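Asks: So you can see what is in the structure, the chains are spelled out below.
Protein chains: 2
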Amino acid sequence: MTFELSKEFADLLQKAVDEKDSEFIKSTLDGVNPADITETLEEFSSEDSRYVLSILAIETRAEIISNLDEDTLKRFLKIYSPEEIAGFIEVMDSDDAVDILNELGNELAEKIIDSLSNQEKIDHILDLMRYDEDVAGGLMAKELIKANVNWTIEQTIEEIRHQGEKVTQIYAVYVVDNYNTLLGKVSLRKILLARDGTKIKDIYDEEVISVYTNIKDEEVVSLMKKYDLDAIPVVNLRGKLMGRITIDDVVDVMSEQAEEERQLMAGISEDVEEDDNIWLLTRARIPWLVIGLTGSFLGAEVIKQFEGQIAVVPILASFIPLITATGGNVAIQSSSMIVQSLATKSVFQDSYLKRLSKVVAVAILNGLLLAALAFTLSYFLRHDLQVSVVVAALSMVVLLASLSGTVTPILLDRFGINPAAASGPFITTANDLLGLAVYFLVAYYLL
Amino acid sequence: MTFELSKEFADLLQKAVDEKDSEFIKSTLDGVNPADITETLEEFSSEDSRYVLSILAIETRAEIISNLDEDTLKRFLKIYSPEEIAGFIEVMDSDDAVDILNELGNELAEKIIDSLSNQEKIDHILDLMRYDEDVAGGLMAKELIKANVNWTIEQTIEEIRHQGEKVTQIYAVYVVDNYNTLLGKVSLRKILLARDGTKIKDIYDEEVISVYTNIKDEEVVSLMKKYDLDAIPVVNLRGKLMGRITIDDVVDVMSEQAEEERQLMAGISEDVEEDDNIWLLTRARIPWLVIGLTGSFLGAEVIKQFEGQIAVVPILASFIPLITATGGNVAIQSSSMIVQSLATKSVFQDSYLKRLSKVVAVAILNGLLLAALAFTLSYFLRHDLQVSVVVAALSMVVLLASLSGTVTPILLDRFGINPAAASGPFITTANDLLGLAVYFLVAYYLL
Chain L
60 MTFELSKEFA DLLQKAVDEK DSEFIKSTLD GVNPADITET LEEFSSEDSR
110 YVLSILAIET RAEIISNLDE DTLKRFLKIY SPEEIAGFIE VMDSDDAVDI
160 LNELGNELAE KIIDSLSNQE KIDHILDLMR YDEDVAGGLM AKELIKANVN
210 WTIEQTIEEI RHQGEKVTQI YAVYVVDNYN TLLGKVSLRK ILLARDGTKI
260 KDIYDEEVIS VYTNIKDEEV VSLMKKYDLD AIPVVNLRGK LMGRITIDDV
310 VDVMSEQAEE ERQLMAGISE DVEEDDNIWL LTRARIPWLV IGLTGSFLGA
360 EVIKQFEGQI AVVPILASFI PLITATGGNV AIQSSSMIVQ SLATKSVFQD
410 SYLKRLSKVV AVAILNGLLL AALAFTLSYF LRHDLQVSVV VAALSMVVLL
460 ASLSGTVTPI LLDRFGINPA AASGPFITTA NDLLGLAVYF LVAYYLL
Chain P
60 MTFELSKEFA DLLQKAVDEK DSEFIKSTLD GVNPADITET LEEFSSEDSR
110 YVLSILAIET RAEIISNLDE DTLKRFLKIY SPEEIAGFIE VMDSDDAVDI
160 LNELGNELAE KIIDSLSNQE KIDHILDLMR YDEDVAGGLM AKELIKANVN
210 WTIEQTIEEI RHQGEKVTQI YAVYVVDNYN TLLGKVSLRK ILLARDGTKI
260 KDIYDEEVIS VYTNIKDEEV VSLMKKYDLD AIPVVNLRGK LMGRITIDDV
310 VDVMSEQAEE ERQLMAGISE DVEEDDNIWL LTRARIPWLV IGLTGSFLGA
360 EVIKQFEGQI AVVPILASFI PLITATGGNV AIQSSSMIVQ SLATKSVFQD
410 SYLKRLSKVV AVAILNGLLL AALAFTLSYF LRHDLQVSVV VAALSMVVLL
460 ASLSGTVTPI LLDRFGINPA AASGPFITTA NDLLGLAVYF LVAYYLL
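Residue numbers (the numbering used here), protein chains in the order written: chain L, 60 to 506; chain P, 60 to 506.
In isolation and in its complexed conformation, chain L is listed as follows (with noise of 0.2 Å):
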């Protein structure tokens, strides 16, 4: 059914590329999925692609271009002359182009531009590149099919045989009125069951949800989601059609938010993936060691203030451990909660004051629960009721981390910072201080 990519097959066409049989290589690669070979070439020389690439249409080409990762794409791309660059550009989406162009720099980009032919092209880019990636605007293609509300069904269907080829998906066909303003939209499926003769103004919708060029992705992302669109077109503030953006750029966003939430909660740094290089992995990882050395560092400190008790009661040391990992576990758990509380934000949500109280209710029942289990388990592997009492000091560990756990992503939030970091490291941290204070503040007055 599907074209099974296979280890097999990459070996067979590195042979090829290697005896420079175009022929084979045009023969096996004709009507394989542009994603496919792009999968492939990812694993080969920059060298051998570029030769492969050459040997397919340019559409092909460019297709398997946008298509690649950024480190690879990075890497094919220096072998290019900006000319080069500029014919797979003139082929692509606007929106795939500029995601190109901006990875190259400022001046690669001026350059690419400038070699291009295809004024409506240059002006889509330039469009494009004005916004930021992370809003509609920089999520949004220029291609889309509209029609102007006073034309009939036949010029409607030859605008989209004229545009069509352009266009990879239609979804829906705009309406907009002399002045490009966004007025509703047609599906194709009206159209296709519309009499001849039928004028666009009597069958259109008018009910069609948009965004504003600066509408932030996450919402576009949540907007898309909740009304099951496939494809939501984009206005500035006047009203006025600027593109649209359809439901695969969303899907990737989607995959990029939950890949950098992941990156977040295990404290790493910078985007990388497994099979990134040793010294780029290692310093994506150390920023969040460091601080967390840093932190235990001053968990030393305070556990110093206590050196006399522990020398008279050092069974009070073998519960460190417990105290810290509880409260991280508790503090982690809090903040993953809250973190997908505000993912999820509706405009009911309770006042901080009952959500806190919750909170608060959730932690003392908890925190009973484990200060019970924890004080029957040392008190029959240790037999000392003080001790055990103290160890009972865990119900409170429990209630602070989590209200830190709680607190902690909102704030984070209210500051524009993605809640997720919470849940990372900083919150160990933060939570094996408070938790060891308390802890031996307790063991202090009641041993």
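Because the hints were derived from the structure by calculation, they are not lab data. Since we're looking at a predicted model, the values are computed, not measured. It is possible that some hints are incorrect.
The list treats identical chains as interchangeable, and a pair is accepted whether it falls inside one copy or across any two copies.
What the hints assert, rightly or not - Below, computed lysine-lysine pairings styled on PhoX-like, alpha-carbon distance capped at 20 Å:
| hint | residue 1 | residue 2 |
| --- | --- | --- |
| 1 | K79 | K285 |
| 2 | K66 | K413 |
| 3 | K205 | K180 |
| 4 | K249 | K205 |
| 5 | K299 | K205 |
| 6 | K285 | K66 |
| 7 | K180 | K170 |
| 8 | K205 | K225 |
| 9 | K85 | K66 |
| 10 | K285 | K413 |
| 11 | K180 | K225 |
| 12 | K413 | K275 |
| 13 | K85 | K74 |
| 14 | K285 | K275 |
| 15 | K133 | K170 |
Starting from the known structure of chain L, fit chain P onto it as the hints suggest.
Replies: Leaving out everything else, chain P in the frame of chain L:
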């Protein structure tokens, strides 16, 4: 542009419901997107929602009900009779209908199916209920437009007119032979631009990517992402067209996956949300906390073996959090790198040996950097060379944590468990034990 949902609007609606002002409700909700009505009604009592729904058209009602989140849905459906629920099911897409029936338990589901009058709908539902929820068969809807390869364009358009109402978004018309075997697809654009009398067999596209009914949902997601598909046909093992999956369902699966991973990483064992009740929230959180706590008691036993030493050099105790926190952070970083690369599996993955040796290299580099920093800090703060050397045992802890963080998710994945579980409290707890043992053993031999 879009309807702005607000607390004021909800209050206004609530007041109208209290006064049973059906005219006002009808006129206010006219033209409001069902997704917005859903969001509002989720905050209402079941009885009030029932009243609002009773005023709306049956199609709108069914759409609202299929949009509801799981908890609200269960709450809502309790106040309806099986016959009334059958009324909603009758106008829903087959996949949404089955999702709801799956929520209700076998007995009630059977009663509802018995009350259905549309035989085609019954067949669709019974067919879909045979599949697990997490395979392509469980994701697909039966509603789609198909055309026989021997039809003309006119026959196909007639079919679209006939079946079109039942299919929310057409995307493409699937082409089958007389035995319902999937042969290809033809886009609406092609149909629109085709000349009268054209045969489907002359214009259809044979290259259609399809999935078998038993393919896992994650694989469906990654196929649709890779090939930028908006819909994918589902076939049985003999290649017969069984249904299709649309991109909005895949987007939902992606959101669920992200949420599931977040909860696994945070050690939350049930699918809960911030607005669930205190008892549910506690039940979801306590299992991992108890496991962590038990692990910490094992850690306490490890430390207990070295109590004599701690009594003599109490300074040793102060570095316990350094060992456990750093080990935990390193392990979580390592496992999240693996989880990420498992999520984007490629056929070209390096051998395990090569990957593992890279992990070790990164670990040694990180370990040496951290150990050097820890040694320096500890020497400057405590001026005790021997203890500082013991603290530098951190490098070994980092190495072990990297290995366990790398191997655990791979093993979990092998056993069919979501590898993200490795990034949670599990790995922290395991690493505490390992790290403490190493640290105190080094101390034992050096001091």
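Asks: Each hint should be assessed against the structure and marked as holding or not.
Replies: Status of the hints after comparison with the structure:
{"no.": "1", "hint": "K79 with K285", "in the structure": "neither (51 Å within a copy, 29 Å between copies)"}
{"no.": "2", "hint": "K66 with K413", "in the structure": "between (57 Å within a copy, 17 Å between copies)"}
{"no.": "3", "hint": "K205 with K180", "in the structure": "within (17 Å within a copy, 37 Å between copies)"}
{"no.": "4", "hint": "K249 with K205", "in the structure": "both (15 Å within a copy, 18 Å between copies)"}
{"no.": "5", "hint": "K299 with K205", "in the structure": "within (12 Å within a copy, 37 Å between copies)"}
{"no.": "6", "hint": "K285 with K66", "in the structure": "between (40 Å within a copy, 18 Å between copies)"}
{"no.": "7", "hint": "K180 with K170", "in the structure": "within (15 Å within a copy, 60 Å between copies)"}
{"no.": "8", "hint": "K205 with K225", "in the structure": "within (13 Å within a copy, 26 Å between copies)"}
{"no.": "9", "hint": "K85 with K66", "in the structure": "within (19 Å within a copy, 61 Å between copies)"}
{"no.": "10", "hint": "K285 with K413", "in the structure": "neither (26 Å within a copy, 44 Å between copies)"}
{"no.": "11", "hint": "K180 with K225", "in the structure": "within (11 Å within a copy, 39 Å between copies)"}
{"no.": "12", "hint": "K413 with K275", "in the structure": "neither (29 Å within a copy, 41 Å between copies)"}
{"no.": "13", "hint": "K85 with K74", "in the structure": "within (14 Å within a copy, 70 Å between copies)"}
{"no.": "14", "hint": "K285 with K275", "in the structure": "within (16 Å within a copy, 24 Å between copies)"}
{"no.": "15", "hint": "K133 with K170", "in the structure": "within (16 Å within a copy, 60 Å between copies)"}
Consistency with the previously given hints fails for numbers 1, 10, 12, ordered from lowest to highest.
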